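Turn these sequences into a full structure, and let the hints guide you.
What follows is the residue order along each chain.
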Amino acid sequence: MTLAQKLLSRKAERSNVEPGEFLLLDVDLALANDITAPLAIQKFREYGGKKVFDPEKVVLVPDHFVPNKDIKSAMQVKLLREFAKEQGIKHFYEVGRMGIEHVLLPEEGLVKSGDLVVGADSHTCTYGALGSFATGVGSTDIAGVYLTGKVWLKVPESINVKLQGHLGEFVTAKDVILKIISILGVDGANYKALEFSGPAIYEITMDGRFTISNMAIEAGGKTGLFPVDEITMAYEKERGIEVEPLSADEDAVYWKELTIDLSELEPQVAYPYLPSNAKSVVEAEKERIRVDQVVIGSCTNGRIEDLRLAAQILKGRKVAPGVRCIIIPGSQSVVKQALKEGLVDIFLDSECAFSTPTCGPCLGGHMGILAEGEVAISTTNRNFVGRMGHPKSKVFLASPAVAAASAVRGYIADPRRL
Amino acid sequence: MIIKGKVFIFGDNVNTDEIIPARYLNTSDPAELAKYCMEDARPGFGQRDDIKGGIIVAGENFGCGSSREHAPIAIKAAGISCVIAESFARIFFRNAINIGLPIVELPDTSSFSEGDIVEIDLTQGKVVNVTKGVEHDAKPYPRFLREIVEAGGWLEYCVKSLTKK
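So the protein sequences, as listed, match chains G and B.
Residue numbers in the first sequence follow numbering that gives the first Met the number 0, run continuously in steps of one, and reach 417 at the last position.
Residue numbers in the second sequence follow numbering that gives the first Met the number 0, run continuously in steps of one, and reach 164 at the last position.
Among the hints, erroneous ones may be present.
What the hints assert, rightly or not - Covered by chain B, per the in silico footprint, the following chain G stretches (three or more residues, Cβ under 8 Å):
id, stretch
1, 69-76
2, 181-190
Stated by the list, open to error - Cβ-to-Cβ under 7 Å is the rule here; a few derived chain G residues that face chain B:
id, residue
3, F21
4, G48
5, G137
6, A319
7, F353
8, G385
Hints are computed from structural coordinates only; laboratory data are not their basis.
Predicted model, so just to flag it, every value in this text is computed and none were measured.
Even for Gly, the Cβ is constructed at its ideal location relative to N, Cα and C.
Right, here's the structure in full:
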């Protein structure tokens, strides 16, 4: 069986499940945020909901428009806050205690291998990095979980992505997933699970695995699964969670297989307006693409290793004139760690702005909206039309290393040639 | 159920940021969302009078991107009666099924033109382009999804079938 089949058959308490089957499953964790929870709460009430199925299994993270960007956003967060209080939901994360949901939940030890996690946020697939079956759903699905504890899912076929070789200097997990998306296309994994395997996965840290799984959805994937190995177990152990190793069977049947040699991979840049438009940074640098703004952060690249990498490049250098570099750590604990390691000093000395955790500009919310005609390079996950602001602005996606190097140069630049 | 309306053409990979840009997501009021339906794909679309009862016809991977249910809600509240596409992104697909926005998959939508009049029989899975005189067979829903649709949406199904102890 594939990892997806194993996880879902275990949840279904059956010896096997087949791709294409529809299952009604008990959810271990149901996540929603300040954009998607208001609809879920409204529908829960509309359909007669009085008490959620299990307040311990409900997580509410206001992270998209917080600290509240306007009155309407403040009203949405107020609704979540009051609902959490009324329902006795302790996993409600207020400003000052929060993080971007997909950075926060693993950090807090709320997600573990074997769990079925559904979130009204497409990047819920991030937790596949821990070997949990985690997938994005809608607000109505979450209302259904509040009412019944259950969700409907179709067992997906899987794509086996084998990683081999070794990552070169300043080549990162972000480059791996941008490459994969460029091969598969933005719908190449629609309705499918991505499963990562091969010897190189043992060289990819937990932070890197989160980055890779996070963007499975950009190829249309239902989730992006890593096997549970020593790296996973060490991460979970720090959070007091004991998990068993888990991987796909040798004879698992995949819908498709592809192999990526990391030794040949160069830093990638995804051009507007699709995350699948990746080119090598070597080519991008030749085009001298001037940038107005650089964003380093998000649920994709807002973890401590990402900030370390950006700081490594920015140390002793200044952001180019005319460029705004905004650094957004993924959680309060990332902020604290960055302070402790002196990374924040490096950023401030380089003349970057350093923000409190928020999704902010990634989805054109606030904290760095682009004007007409402006260009950004960003470590976020989408570069659709209007994603970061004006419909005539442009977003290029890259790793923290490429983003930081571009901040210094003022145009999209190769960190290896700085 | 029979739906008849005028066609509005969109391309491949229409994403949820185009369907309802995040700058309008500080509310979940359907009427408010409807005003900005397809705003970044076709500015002003949601505020046109002639889209009421209309049918969106698109290519592959309609609704890719975010999980925001605001996307199918905006389309439904704008008065669009059905979306026809060659394929739908997974989360958009389940959101549409869950909230009862009719969606139809056809293998090839390239023969449709802006303004064509189309008649859809959702029960029989037939799509007739009345203007062009061509009939298409829709991909049928699996039985489980048909049950959700027939119940009137996922929460109706939940209330009827799952909350009884």
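> Would the hint on F353 of chain G stand, with a C-beta cut-off of 7 Å toward chain B?
Replying inline: With Cβ-Cβ at 23 Å, over 7 Å, it is violated.
> Hint check: is the beta carbon of G385 of chain G less than 7 Å from a beta carbon of chain B?
Replying inline: holds, 4 Å
>> Checking hints one by one. Is A319 of chain G an interface residue toward chain B, by the C-beta closer than 7 Å rule?
In response: violated, 28 Å
>> Less than 7 Å between beta-carbons is the criterion; does G48 of chain G satisfy it with respect to chain B?
In response: violated, 10 Å
> Given as covered by chain B, does the stretch 181-190 of chain G meet the bar of three residues or more with CB within less than 8 Å?
Replying inline: holds (count 4)
>> How does the stretch 69-76 of chain G fare against chain B when you require at least three residues with a CB closer than 8 Å, holds or violated?
In response: Three-residue rule met by the stretch 69-76 of chain G, so holds; n is 4.
> Does the CB of G137 of chain G sit less than 7 Å away from some CB of chain B?
Replying inline: holds, 4 Å
> Per the CB criterion, is F21 of chain G less than 7 Å away from chain B?
Replying inline: holds, 4 Å
Checked against the numbered hints given earlier, this structure breaks hints 4, 6 and 7; the rest are met.
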